[in-house]
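First to last, the sequence lines map onto chains A, B and C. Each step along the first sequence adds one to the number in the working numbering, with nothing skipped, and position 122 is 115. Each step along the second sequence adds one to the number in the working numbering, with nothing skipped, and position 131 is 124. Each step along the third sequence adds one to the number in the working numbering, with nothing skipped, and position 30 is 23.
If you are wondering where the hints come from, they were derived from the structure by calculation, not from laboratory data. Idealized CB from N, CA, C, for every residue including glycine. A hint or two may mislead.
To be verified - Here are the in silico distance ranges between beta carbons for each label pair:
| hint | chain 1 | residue 1 | chain 2 | residue 2 | range |
| --- | --- | --- | --- | --- | --- |
| 1 | C | Ser80 | B | His81 | 26 to 36 angstroms |
| 2 | C | Pro45 | A | Thr180 | 25 to 35 angstroms |
| 3 | C | Ser33 | A | Asp171 | 57 to 67 angstroms |
| 4 | A | Glu(-1) | C | Val57 | 25 to 35 angstroms |
| 5 | B | Asp179 | C | Tyr69 | 53 to 63 angstroms |
| 6 | A | Arg141 | B | Val66 | 42 to 52 angstroms |
| 7 | A | Ser55 | C | Arg141 | 34 to 44 angstroms |
| 8 | B | Leu25 | C | Pro83 | 34 to 44 angstroms |
| 9 | C | Leu158 | A | Ile11 | 27 to 37 angstroms |
| 10 | C | Ser80 | B | Ala122 | 51 to 61 angstroms |
So the chains spell out like this:
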Amino acid sequence: MVAESESLWRVTFDNPPINLVTPEMLVELPELIDQMEASSQLRVVVFESANPDYFLNHYDTSRVAETPTNLGVTGYPLVVDTSTRLSHLPVTSIAKIRGRVRGIGNELTQAMDMRFASRNSLFCQPETASGNLPGGGGLEHLSRLMGRGRALEVALSSDDYPGELAERYGWINRAVEDSDLDAVVDTLALIALTEIPH
Amino acid sequence: MVAESESLWRVTFDNPPINLVTPEMLVELPELIDQMEASSQLRVVVFESANPDYFLNHYDTSRVAETPTNLGVTGYPLVVDTSTRLSHLPVTSIAKIRGRVRGIGNELTQAMDMRFASRNSLFCQPETASGNLPGGGGLEHLSRLMGRGRALEVALSSDDYPGELAERYGWINRAVEDSDLDAVVDTLALIALTEIPH
Amino acid sequence: MVAESESLWRVTFDNPPINLVTPEMLVELPELIDQMEASSQLRVVVFESANPDYFLNHYDTSRVAETPTNLGVTGYPLVVDTSTRLSHLPVTSIAKIRGRVRGIGNELTQAMDMRFASRNSLFCQPETASGNLPGGGGLEHLSRLMGRGRALEVALSSDDYPGELAERYGWINRAVEDSDLDAVVDTLALIALTEIPH
Chain A
-6 MVAESESLWR VTFDNPPINL VTPEMLVELP ELIDQMEASS QLRVVVFESA
44 NPDYFLNHYD TSRVAETPTN LGVTGYPLVV DTSTRLSHLP VTSIAKIRGR
94 VRGIGNELTQ AMDMRFASRN SLFCQPETAS GNLPGGGGLE HLSRLMGRGR
144 ALEVALSSDD YPGELAERYG WINRAVEDSD LDAVVDTLAL IALTEIPH
Chain B
-6 MVAESESLWR VTFDNPPINL VTPEMLVELP ELIDQMEASS QLRVVVFESA
44 NPDYFLNHYD TSRVAETPTN LGVTGYPLVV DTSTRLSHLP VTSIAKIRGR
94 VRGIGNELTQ AMDMRFASRN SLFCQPETAS GNLPGGGGLE HLSRLMGRGR
144 ALEVALSSDD YPGELAERYG WINRAVEDSD LDAVVDTLAL IALTEIPH
Chain C
-6 MVAESESLWR VTFDNPPINL VTPEMLVELP ELIDQMEASS QLRVVVFESA
44 NPDYFLNHYD TSRVAETPTN LGVTGYPLVV DTSTRLSHLP VTSIAKIRGR
94 VRGIGNELTQ AMDMRFASRN SLFCQPETAS GNLPGGGGLE HLSRLMGRGR
144 ALEVALSSDD YPGELAERYG WINRAVEDSD LDAVVDTLAL IALTEIPH
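Go ahead and model the full structure; you've got the sequences and the hints to work with.
Spelled out as structure tokens, the structure:
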């Protein structure tokens, strides 16, 4: 995490080689949200990735046994806790998406306020194909974003959806040319810092 | 109806020459839904048409006098009964749409879980132009799928909406090339058979 | 306002040079809505503009001091009162949009039942960039039309959205070729006059 200023922070997902979500991340994310909630100056957070091919991936299933089992401050398991707190954060959160967004990575991304993606992005909620259910808010967010019929399709198909189709489904705000993505998100982030007097 | 397997059934609408909905169909559809509800193995139903120009048409108005007047098991008239039971069916229902979808045919199609259409499809809710109201769930489903403004437009205009525009309005999941339609639907149907352990 | 017939009225916004909303308009619009509510024959109202570059603009900020402070018949301030009454009007209201729609002009336009726009149109809800909030229903209507994430983007960015993007976001029913706009709206208006027997 880099505080670009007191009011604008950038969070960079960086877990080589393919940005899987790990047990460590499940501990670090709530701590990061603690900091965001505690800051009285923070207004906008931009989430991005160090890896242009993977924004945020599914859970590292080779490490399921290490998954922390403690509950978060909301009383929910850590994944749901993080996703819920992210949704309720009283600051503007923006995802700047390049590459793949999958599984728990997609559930966390949907909990952000806005999502802008490169046309090279790919979205997937893959749990059903392996006999599981998305458990971190995936089904709830998908159906609100794109309606029941398309959410059901996305969850059942476990398929990859390119950015442009994700936009048509309402999964993201917009898919833009990769070369425009930084400007679109960073301009919006700067404007969103505008102070609204109470 | 063909049971491709115990868990995957295909229902083919076949009433030459233009797949009008008839009094007979109003009796047969509830019976078919009885069978679907009674099966403990059924997981996915694909609805398709024997006629590539008409998926499912409006009611055969020349036979209004023969319309059965008994109420269905839900206590509603048969059209609303069928549409309601289809919506609540605890199996995944998918419409594979080629050609025209009109009137009561559209209302039944909207009660299915997902709708995929050939680009050659045409959608229409034509009642208003003849001084009637869609009575089988048309208005309720349309406004949930595409929002109030577009639903009002569709119902008032009584116009034909090509598959591609129907997709933009959220009327269907997606309009695809006619040559891709079978693969898109049948692949999804197979994946939707995946067993989720309780 | 021109009554094309007892059942079809046309309202033309005409405040040169750029169709700003003025204190006078805040008085005239409720009076116009009084007339619409009082007519037992009126069924459809088409709103259009005398200026192809501006459908309906933001408020004339040079005249804020003259803004009437009396409450409307709903008990709300006049802007909210007008927007609310327009939403509830028991006649079909259609916006035929050419040019810019901004600020309070957009809020009033969103209160209409349907919106069709030329591809040359531009939509903007600009208050946030100047440290204000849209106060006439902008946030409420935007989030219902396009979902929370896109509404937040539109309100925070204070950016101009071309008709075609506005369509993709659900802001309007459809963006059409400028040369087709009159036919699309006027045909729909005529069909919407159809009498539905009670």
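To see whether the hints hold, each was checked on the structure:
no., hint, in the structure
1, C:Ser80 - B:His81: 26 to 36 angstroms, "holds, 32 angstroms"
2, C:Pro45 - A:Thr180: 25 to 35 angstroms, "holds, 29 angstroms"
3, C:Ser33 - A:Asp171: 57 to 67 angstroms, "holds, 58 angstroms"
4, A:Glu(-1) - C:Val57: 25 to 35 angstroms, "holds, 33 angstroms"
5, B:Asp179 - C:Tyr69: 53 to 63 angstroms, "holds, 54 angstroms"
6, A:Arg141 - B:Val66: 42 to 52 angstroms, "violated, 24 angstroms"
7, A:Ser55 - C:Arg141: 34 to 44 angstroms, "holds, 36 angstroms"
8, B:Leu25 - C:Pro83: 34 to 44 angstroms, "holds, 41 angstroms"
9, C:Leu158 - A:Ile11: 27 to 37 angstroms, "holds, 33 angstroms"
10, C:Ser80 - B:Ala122: 51 to 61 angstroms, "violated, 25 angstroms"
Hints 6, 10, counting from the list given before, are not met by this structure.
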